[in-house]
Amino acid sequence: MKAFTQHFGLVVPIDRANVDTDMIIPKQFLKSIKRTGFGPNLFDELRYLDVGEPGQDCSTRPINPDFELNQPRYAGASVLVARDNFGCGSSREHAPWALDDFGIRVVIAPSFADIFYNNCFKNGLLPIVLSAEQVAELFDQVAAEEGYSLTVDLAAQTVITPAGKVFNFEIDQFRKDCLLKGLDEIGLTLQDSEAIKKFEQAHLASRPWLQASEEKFSA
Amino acid sequence: MAKTLYDKLFDQHVVAQRDDGSVLLYIDRHIIHEVTSPQAFEGLRLAGRTPWRVSANVATPDHNVPTTIAERAKGVEGIVDDTSRIQVKTLDDNCDEFGIVEFKINDDRQGIVHVVGPETGASLPGMTIVCGDSHTSTHGALAALAQGIGTSEVEHVLATQCLVAKKMKNMRVNVVGVLDEGLTAKDIALAVIGAIGTAGGTGYAIEFAGSAIEALSVEGRMTLCNMAIEAGARAGLVAVDDKTLEYVKGRPLSPKADDWDAAVSQWRELVSDEGAHFDAEVELDAASIKPQVTWGTSPEQVIAVDQLIPKAEDQADTVSRDSVSRALSYMGLKGGEALSEIGIDRVFIGSCTNSRIEDLRAAAKVFEGRHVASSVKEAIIVPGSQQVKKQAEQEGLHTIFEAAGAQWREPGCSMCLGMNADRLGQGEHCASTSNRNFEGRQGAGGRTHLVSPAMAAAAAVAGTFVDFREL
Numbered sequence: 001m002k003a004f005t006q007h008f009g010l011v012v013p014i015d016r017a018n019v020d021t022d023m024i025i026p027k028q029f030l031k032s033i034k035r036t037g038f039g040p041n042l043f044d045e046l047r048y049l050d051v052g053e054p055g056q057d058c059s060t061r062p063i064n065p066d067f068e069l070n071q072p073r074y075a076g077a078s079v080l081v082a083r084d085n086f087g088c089g090s091s092r093e094h095a096p097w098a099l100d101d102f103g104i105r106v107v108i109a110p111s112f113a114d115i116f117y118n119n120c121f122k123n124g125l126l127p128i129v130l131s132a133e134q135v136a137e138l139f140d141q142v143a144a145e146e147g148y149s150l151t152v153d154l155a156a157q158t159v160i161t162p163a164g165k166v167f168n169f170e171i172d173q174f175r176k177d178c179l180l181k182g183l184d185e186i187g188l189t190l191q192d193s194e195a196i197k198k199f200e201q202a203h204l205a206s207r208p209w210l211q212a213s214e215e216k217f218s219a
Numbered sequence: 001m002a003k004t005l006y007d008k009l010f011d012q013h014v015v016a017q018r019d020d021g022s023v024l025l026y027i028d029r030h031i032i033h034e035v036t037s038p039q040a041f042e043g044l045r046l047a048g049r050t051p052w053r054v055s056a057n058v059a060t061p062d063h064n065v066p067t068t069i070a071e072r073a074k075g076v077e078g079i080v081d082d083t084s085r086i087q088v089k090t091l092d093d094n095c096d097e098f099g100i101v102e103f104k105i106n107d108d109r110q111g112i113v114h115v116v117g118p119e120t121g122a123s124l125p126g127m128t129i130v131c132g133d134s135h136t137s138t139h140g141a142l143a144a145l146a147q148g149i150g151t152s153e154v155e156h157v158l159a160t161q162c163l164v165a166k167k168m169k170n171m172r173v174n175v176v177g178v179l180d181e182g183l184t185a186k187d188i189a190l191a192v193i194g195a196i197g198t199a200g201g202t203g204y205a206i207e208f209a210g211s212a213i214e215a216l217s218v219e220g221r222m223t224l225c226n227m228a229i230e231a232g233a234r235a236g237l238v239a240v241d242d243k244t245l246e247y248v249k250g251r252p253l254s255p256k257a258d259d260w261d262a263a264v265s266q267w268r269e270l271v272s273d274e275g276a277h278f279d280a281e282v283e284l285d286a287a288s289i290k291p292q293v294t295w296g297t298s299p300e301q302v303i304a305v306d307q308l309i310p311k312a313e314d315q316a317d318t319v320s321r322d323s324v325s326r327a328l329s330y331m332g333l334k335g336g337e338a339l340s341e342i343g344i345d346r347v348f349i350g351s352c353t354n355s356r357i358e359d360l361r362a363a364a365k366v367f368e369g370r371h372v373a374s375s376v377k378e379a380i381i382v383p384g385s386q387q388v389k390k391q392a393e394q395e396g397l398h399t400i401f402e403a404a405g406a407q408w409r410e411p412g413c414s415m416c417l418g419m420n421a422d423r424l425g426q427g428e429h430c431a432s433t434s435n436r437n438f439e440g441r442q443g444a445g446g447r448t449h450l451v452s453p454a455m456a457a458a459a460a461v462a463g464t465f466v467d468f469r470e471l
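Protein chains in written order, with my numbering: chain A, 1 to 219; chain W, 1 to 471.
Since the hints were derived computationally from the structure, they do not count as laboratory data. Note that the structure is predicted; figures quoted are calculated from it, not measured. Glycine is no exception: its CB is placed at the ideal position from the N, C-alpha and C atoms.
Straight-line Cα separation of at most 30 Å, DSSO-like style, residue types lysine-lysine; simulated pairs: (1) A:Lys-197 to A:Lys-181; (2) A:Lys-176 to W:Lys-167; (3) W:Lys-166 to A:Lys-2.
Non-contacting residues of chain A with respect to chain W, defined by C-beta distances greater than 12 Å in every case (computed): (4) Gly-103; (5) Glu-137; (6) Thr-161.
Chain W with its partners taken away, still in its complex shape (with noise of 0.2 Å):
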């Protein structure tokens, strides 16, 4: 019978088989950081358990590591916030007393989680990776199956090598046609979810596919895979090919010699075949789509550059209406304007969507030769991970976004949810290429615009929202 790409993975990690239709999903991957796991470690120790097979774990602090160089360079100790140094601290700990290999602070393989695994070729093609963070889903650029995990979920897999899973439904979207010169993974992703909406793909796993999506960089469908949670979809996948091959060679903990070989057999199999069942179908035409700006609360809330806000009067109905009276209200706005009308105080480029070195090569091309605006407080440019970092300060990105006036950051999740020093204010306004526009999720009070780094760059340069081509 045809199977999907999902389907494959699944079927191919099932221990066993409950009478409800659950199954015992065999994990190859865990990757841990300091928020998530500190509990769960607590109930292993506490049941007097350990880890199943301590090799499939990897583990590096990321929420809460400062990303200023001073507070940076001191390590852990360093970390002002003494909640903050206790829980990197207690990650530490815990990897230490488990034997579980950790990038530390200062490691240079320490990053974000999602930008780390597939750069160490932690995640590869048909594995199953699980984290305690919802943007696990980001390592299914890779054709493997990802997804984020709760506390309790973390402490069964460090146990038990499993997760009890029930198959989810499958849903493709296929975006066709040509990307305008410029737009990027995240303006596709960011318009997918206005197309279908928050909870549009809450119970599946979605499968990015067509010209457009095969025409990405491995780096732009993990963008595109990290965006599917905000979409409702525990998982986002994207089907192996050259380009995913071309990724995963050469990568530390890539297989080597004739090892490579067997993967590369078994890898090209992760496609879904032809006539595959797919519960849902989405189509959309790239080359509708003009870089995406959200205006509101929550993702879905996202307009073109060029178009106007909402207003709330024009909904249809009672429950959009309240929802967008009450975004707009929290973002500052009447509804009705032009998205030049919003005057930025923040921009923040970075995190696990968006901190990848050809993130920073775009917002790097925006910002040469110009200036962040007097108007903006703050511009931080901060990479996803160490390796981020290098390979850009070889390039020389990070001369051009200070001479820019921007700051040249550490690594980590930063302002992205704002658990360390970097958040915003109560009714600043940022462009941001991060995930989720939230309430406060920046910082309380905090007005998030969700961009592509074109876009967030454009936006520091202007001080405002314009189209970046036109700049």
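Isolated chain A (complex conformation) (with noise of 0.2 Å):
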């Protein structure tokens, strides 16, 4: 997995509660059998003015000049910022692919969905919860002052405004040790192999049918 320990970028505000997994990357792009390639997809309905299909080239398509990352002042953004519950809706992993691909390393807002704050993990990709008034504030310090840029410190757990003002943040610490050393999840789980094979002798041995109904399910 990709470390993720410092992180300066140019702040990209998308001033929507409940960003939904289908909006962050519509269903048709799921269709893809690999985990590149979904930046250019990113909000593709927000950011363009035609239907968009797999395959298509992006750079000629009808732009939506209104939507905040087509935005020339915001070209080049890596931390984005949005309110409440981002990420709710379908568990697909795409969604932080898609944000990954397209460049975006932090998100911050006052909560996320579960499965998404979860994924985003798995990815590189660090997101960040603070108070609904910390957030407020973001998005009019990004509104007042062009290029505003953040600096993310994992390590710290910290944001870092222009001004130099600190916002702290929590984090569990094994996703934080696992992402500041790029660690792989499943070598790590791995390690305990003894204790999975132990526990699930007992636990199968409790529970025959489990076996039992195994060998008709693979006849």
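Each of the two chains sits in its own frame; use the hints to bring them together as a complex.
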């Protein structure tokens, strides 16, 4: 997994609550069997004026000039700020893949949907929860100042504004360590192979129908 | 110490505890479909790993499969859309390569993962069940701990039979009293989401309890648990009772003979203990619930059929004003209208929420002796699985649908998310029994209204929203 330590980047505001994963990456792009290449279709229905289909050359499509990602002042943004319940809906990991492929490294919101939040960490993308008031403050500052950028330090768990104001954020220790070191979670879990085997043996022995059904299953 | 149902299920599956409070949670059943698995299998191959316990997995294609009889008849090779065909074939190839049981496109056990799991007995009480699909919460209706996961976790579960998990908080939603005749779990689900909001259950496992839940069939409980994720909860649960056991008994993969008795004695424990602690409790009176219809672009934007659509200016704060105003504009509404002013273009009855036999029976009851309104372009009925299709045909439901001018289709996810050819056009209003009314969910520019099967059938007949009891 990709590591995340520190990041300094331009902020793009998406002033919406309940940004869902259908919005982040519409379903027609989920037919890909790869993990990459979703960036041009990030927020497809908001970004473009036509209907997006897989395999299109997005550089020639008509763009929606009102959408933040299309505005010149936000070109190259890598920190996305949004309102409550970001990433709700489908479990599609294509959502963080699309954000990552586009170049977003940090998403800041007052709250996230559970599955999306979890999926971010598997992809070196850092979701940060700040209070609704702090997020509102960021929205005001982004609107007021062109080129507004934030510094994010995962080890210190801080977001630092251009004026030097520091916001602290919470994060699980395990997720933090994995992200800082870019650890392979499967490899980590497999270090507990013996414990898994031992558990499994006892678990299945006390639930023989799990085994019995599986024989039928394969038949 | 008194435990909740969720606590019991969680505790029974803890392999190892980590210092930060997360655990390795053992997974009994992993259900796989074609959309969220290809990258996981690719990951396994790249790392030279194999499935930990191959028989814990079962797969079936559902999201991309065509539902028209003609396109479906030719199997995988007949799928017209190249990318859809490749994705379904990739699932076949991966399952063949790793030795995973797959109910292929025209196998008589194929269907939507969340319909197939319970009906085959692949999903059983007491299990931990995961699938790369957020609506995995459905299987919680059997008192199983079932949750949706991302693709990296699909790979993790394949390789290790475990999920790295942190215990969620406990919420109990008590629905007391008696639901009016003809109202369903879908109306309860939408009313609950209307009450607590789409993020109301974030961080929680929701147990649905109370007399109105006990009165629901197990299929109804699946509808309810299915929508738990729309309230933000990764898992929904209903305690085991006689109905659960009756539902499970005799399924192809259910325990038999002595195993059945042993299983039942364990499953009987799958209830929240008296005095167990819930971090949050919500109570709803079933008698106050009327047929529900969503008007906006989030499941929480829902009203009873006789209520008026809200106006942006009546909202309390700026954020709500903005989201109501944005939703109204997307839906082509001004605010203040009656639902009966909305003209319906298409009707979709199906999805993992509402495609089981009792859903189809409820729709057929409304369609019987009536006809789809001429203003409605298309009404499609998509059974949740091959088994549901077979059962419906034995009962003659398909002839009722066809006589009413609705189309009877082949099983799959279909227009719930339109990964296949079943989609809404720009600006079209759809009465849909699915679970999400997000912008563009059923097709770019499409306008989804979530309702129960009876309400969708009534909308097809009337061409607009009416209380199906007054049709």
